[in-house]
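K.L.:
These are the residues of each chain, in order.
2 protein chains.
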Amino acid sequence: MINPFDDTYFMKKALQEAELAYEKGEIPVGAIIVVKDRVIARTHNLTELLNDVTAHAEMQAITSAANFLGGKYLLNCTLYVTLEPCQMCAGALYWSQISKVVYGASDVQRGFNTMGTQLHPKTEVVGGVLAEEASALMKRFFIEKRNLN
Amino acid sequence: MINPFDDTYFMKKALQEAELAYEKGEIPVGAIIVVKDRVIARTHNLTELLNDVTAHAEMQAITSAANFLGGKYLLNCTLYVTLEPCQMCAGALYWSQISKVVYGASDVQRGFNTMGTQLHPKTEVVGGVLAEEASALMKRFFIEKRNLN
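These protein sequence lines map, in sequence, to chains U and Y. Under the working numbering, the first residue of the first sequence is numbered 1, with each subsequent residue one higher. Under the working numbering, the first residue of the second sequence is numbered 1, with each subsequent residue one higher.
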C-alpha cells in the first residue's frame, strides 16, 4: 500500500509556509513539525517583520512544537524545512534531540553542513527533498528584491 | 580617570541575572546587552519554565535588545553572558552582527569554541570575565540538583 504521508507530502506543506513568508517580503523559508503523521507546528521566517534574527522558521517551529507537546524534547518528531538549517537552528535542533530533520535546498554558504554545526547523535538527517521548488522560490525572491532596489 | 563601566561591572549584572535563574531552578546563566554603558536587555535562562530549548539567556537578550533598538542588527552592542555561548546562541550572535561578546566561564563541552561555531567577523570576543563566580554558581546548581534526585 502506498503511504501518502511521505517526506514529499510534508515538504509540500513546508513549501506552503515558505510561500507565506514570500508574500510578506521575508526570505522564503517554511517549516513544519510532524508527529505520527500529524502536523503540530507550521511556521515561516519572520526576521524582517519581527526585527529579530532569531525568528527563523525552524526556531519558531521548535518553540511551537514544544509548547504543543508540553515538553522541550522533540522525541519522535520530524522537522521539515525548505532550506538547510543554519548554525543557530542546527544548534537549537541539537538541544531539542529531535528524531529527524528533512530539508529541501542546500545552503552552501551558511548551512550547518558547511559551517560544521553538530546535530544530536539521535537525529536522522535527509536533505534534498523538493530542493528545486525551494530553491526556485528563493531565487525568485532575491531577483525581485534586487530589481526593487 | 577610572571608568566604572568596565567589563567586570557589567558582568556582575549578568551574574545577578544568573542568580535569578538559579532561584527558579534553571541552569544559572544570565545575560545583559549594553549600548554606550546603558543596559538595554536583562535576561536569564528559562528553558525549564518555558519548556523550550531555545530560551537560553542570550537568545532572549538578542530578541529583547533588537526590540528595544527597533532593528535586528546589534551594532555597537556588547553582550555579557556568564557562560560561553553554545552553537545555537553563537549562531544567533553571528546573524545579529553584534560588536562584542564578553563571557564568563568556559563551556568546554558545549561552548562555541569547542563546537567550532563561527561568530561574525565584526564581533570582538573576550572570555574569562568573573569566570570563577559564574563557574561556582553552576557547580552549586548541579551539586544541589544531584542531591535532590
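Check before you lean on any hint, since a few could be wrong.
No copy is singled out in the list; a pair is fine if it fits within one copy or between any two copies.
Straight-line distance between alpha carbons at most 25 Å, and here's what the computed SDA-like set of lysine to any residue pairs gives [said to hold, decoys possible]:
#	residue 1	residue 2
1	K145	V126
2	K36	L46
3	K24	H120
4	K24	K100
5	K145	G116
6	K145	N3
7	K36	G116
8	K122	V108
9	K145	G71
10	K24	S64
11	K100	R146
12	K122	L50
13	K145	L75
14	K13	N149
15	K145	L50
16	K122	S99
17	K139	I40
18	K24	Y73
Honestly, the hints are just simulated from the structure, not real lab data. What you are looking at is a predicted structure, and each value in this text was computed from that prediction instead of being measured.
K.L.:
Decide, hint by hint, whether the structure agrees.
P.N.:
Each hint, compared with the structure:
1. K145 to V126: neither (30 Å within a copy, 37 Å between copies)
2. K36 to L46: neither (27 Å within a copy, 28 Å between copies)
3. K24 to H120: For K24 and H120, neither the intra-copy (33 Å) nor the inter-copy (27 Å) Cα distance is at most 25 Å.
4. K24 to K100: Answer is neither: 29 Å inside a copy and 32 Å across each miss the 25 Å cutoff.
5. K145 to G116: Neither. Shortest intra-copy (30 Å) and inter-copy (33 Å) distances fail the 25 Å Cα cut-off.
6. K145 to N3: neither (39 Å within a copy, 46 Å between copies)
7. K36 to G116: neither (30 Å within a copy, 34 Å between copies)
8. K122 to V108: Both. Shortest intra-copy (24 Å) and inter-copy (21 Å) distances satisfy the 25 Å Cα cut-off.
9. K145 to G71: between (39 Å within a copy, 19 Å between copies)
10. K24 to S64: Both: 20 Å inside a chain and 23 Å across chains, each within 25 Å.
11. K100 to R146: For K100 and R146, the Cα distance exceeds 25 Å both inside one copy (35 Å) and across copies (31 Å).
12. K122 to L50: between (32 Å within a copy, 23 Å between copies)
13. K145 to L75: between (38 Å within a copy, 24 Å between copies)
14. K13 to N149: So K13 and N149 fail the 25 Å test inside a copy (31 Å) and across (43 Å) alike.
15. K145 to L50: Within. Shortest intra-copy distance 19 Å satisfies the 25 Å Cα cut-off; inter-copy 37 Å does not.
16. K122 to S99: Within one copy, since 6 Å is at most 25 Å while 35 Å is not.
17. K139 to I40: neither (29 Å within a copy, 37 Å between copies)
18. K24 to Y73: The answer is between: 20 Å across copies meets 25 Å, while 31 Å in one copy does not.
Figure legend: structure checked against the earlier numbered hints; hints not met, in rising order: 1, 2, 3, 4, 5, 6, 7, 11, 14 and 17.
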